[in-house]
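S.K.: Below, each chain spelled out in residue letters.
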Amino acid sequence: MTEPITLNVNGMDYSVDVDTGRNLLGVLRTEIGLTGTKEGCDDSECGACMVLLDGQPVNSCSYLAMQAQGRSVTTIEGVMSADGLDALQRSLLEEGGVQCGFCTPGMIMSAHALLDHNPSPTEEEIRIGLSGNLCRCTGYAKILAAVTRVASDD
Amino acid sequence: MSFTIAESVDEALAALAAGARPVAGGTDLVVGTRQGKADLPPSLVAIDRIEELDHIESGEHGTRIGATVTHSRLTVEPTIVSDYTALADAAALVGSPSTRNIGTLGGNIMNASPAMDTGAPLMVLGAVVQLRSAGGSRAVELSDLWTGPGQTSATADELCVAIEIPSRPERSGSAYVRLEYRRAMEIAVVGAAASVTLADDGTIVDGAVALTAVAPTIIEVGSAGTSMTGLLPDAAAAVIASAASDVARPISDLRGSESYRRHTVGVMATRAVDAAARRAAGEEISVPVNRAIGVGASR
Chain X
169 MTEPITLNVN GMDYSVDVDT GRNLLGVLRT EIGLTGTKEG CDDSECGACM
219 VLLDGQPVNS CSYLAMQAQG RSVTTIEGVM SADGLDALQR SLLEEGGVQC
269 GFCTPGMIMS AHALLDHNPS PTEEEIRIGL SGNLCRCTGY AKILAAVTRV
319 ASDD
Chain D
257 MSFTIAESVD EALAALAAGA RPVAGGTDLV VGTRQGKADL PPSLVAIDRI
307 EELDHIESGE HGTRIGATVT HSRLTVEPTI VSDYTALADA AALVGSPSTR
357 NIGTLGGNIM NASPAMDTGA PLMVLGAVVQ LRSAGGSRAV ELSDLWTGPG
407 QTSATADELC VAIEIPSRPE RSGSAYVRLE YRRAMEIAVV GAAASVTLAD
457 DGTIVDGAVA LTAVAPTIIE VGSAGTSMTG LLPDAAAAVI ASAASDVARP
507 ISDLRGSESY RRHTVGVMAT RAVDAAARRA AGEEISVPVN RAIGVGASR
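As you go down the protein sequences, you meet chains X and D in turn. Under my numbering, the first residue of the first sequence is numbered 169, with each subsequent residue one higher. Under my numbering, the first residue of the second sequence is numbered 257, with each subsequent residue one higher.
Hints were generated in silico from the structure; no laboratory data involved. Just to be clear, a hint being listed does not mean it is correct.
Examples of chain X residues toward chain D, derived with CB under 7 Å [as the list claims (entries may be wrong)]:
#1 G189
#2 S212
#3 V226
These numbers come from a predicted model, not from an experiment. Positions of the beta carbon are idealized from the N, C-alpha and C atoms, including for glycine.
All chains should be modelled from the sequences, with the hints used to inform the complete structure.
M.R.: What follows is the structure, given as structure tokens:
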């Protein structure tokens, strides 16, 4: 059974008909067309599907779209600034923290949530902040360096 | 499938009476449907916007934690960190930051996994669960709540609305430690919680120990209180290992054999008693103990 709902994503309201059991990830990608958010494990393990819900990171694969009504959803498409890539995106490129890129949107969303709430995290706090995101390419060192660099620049 | 968002407890209870199942963060419910455990229930009522369920209140007799308080909040709430530290230790180990942000204490308890992290701490702290239905309310001891893996004694029309923990005596401390193979998105291989109260001479006057992932439910080491009383913490930590291993009834699976779990749960119990006693004596051990003193997975 589908129901018409409104979801606020990256500051815009989208009216969509969703199956009431559908996850937020599927609605973002298929109904709204924002494909930056990825499906990895579909099991809350890998973090590729990470979005912000009212500013907090949430695995969108394991969150019902119906529950996002009235909340503010931010995806990777919502973090770019008017003049292009944001600081975290640039830093990941410059530090070489991207290889295949599949984990990168989720990684950036978790890092954003961390830095929004704690602009000067310790290395341990960065590790914990990114602990719900798996990367199978980089070995994490360059991702950690990229986030550390943005934190130190603030 | 029908889905409603409840604004009040009464609204949620009416939905439950009509056959709906509750969802708060959905971290167990939604993932469970994809692991083939069960389909989503045909009717769901979301309880995560009910303000009454989202409070932590402390008074002379103890603290009442609303069912939808998240794990993240438990790790930073001053009363929980200072008085019920084992619960903060456990909440800080659940899943990942995203799981902790939307996963709730009530959800963890009512999901009734024998490997739940918050269960053993609540048991040693003497917590009671408040259940409410359209017909009334009742308080249930944790030992009466969990009846098996994923099973509780709550009826389908009852909602967990709060968890109540009595206030702690002076010179009390608690801790939760678990064996883990990785530092995030992990489920306890085994775990142990301890609460300890010390006399002025440093001996234990009261204590409790409960175990994670070694039985169909979280279990208490029934002999812990009497066997530790009168002992100094080091001696108590030593005797609790065999007591914990003796009551454990673990299974063998991918994450650990029966004999490995039986042995390591004793080690976890020893470390939990040690950390709880050090906290009771006034030592600051940061939350979670697993990270502070290096129990479980190393980096």
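S.K.: If you test the structure against every hint from before, which numbers come out violated?
M.R.: none
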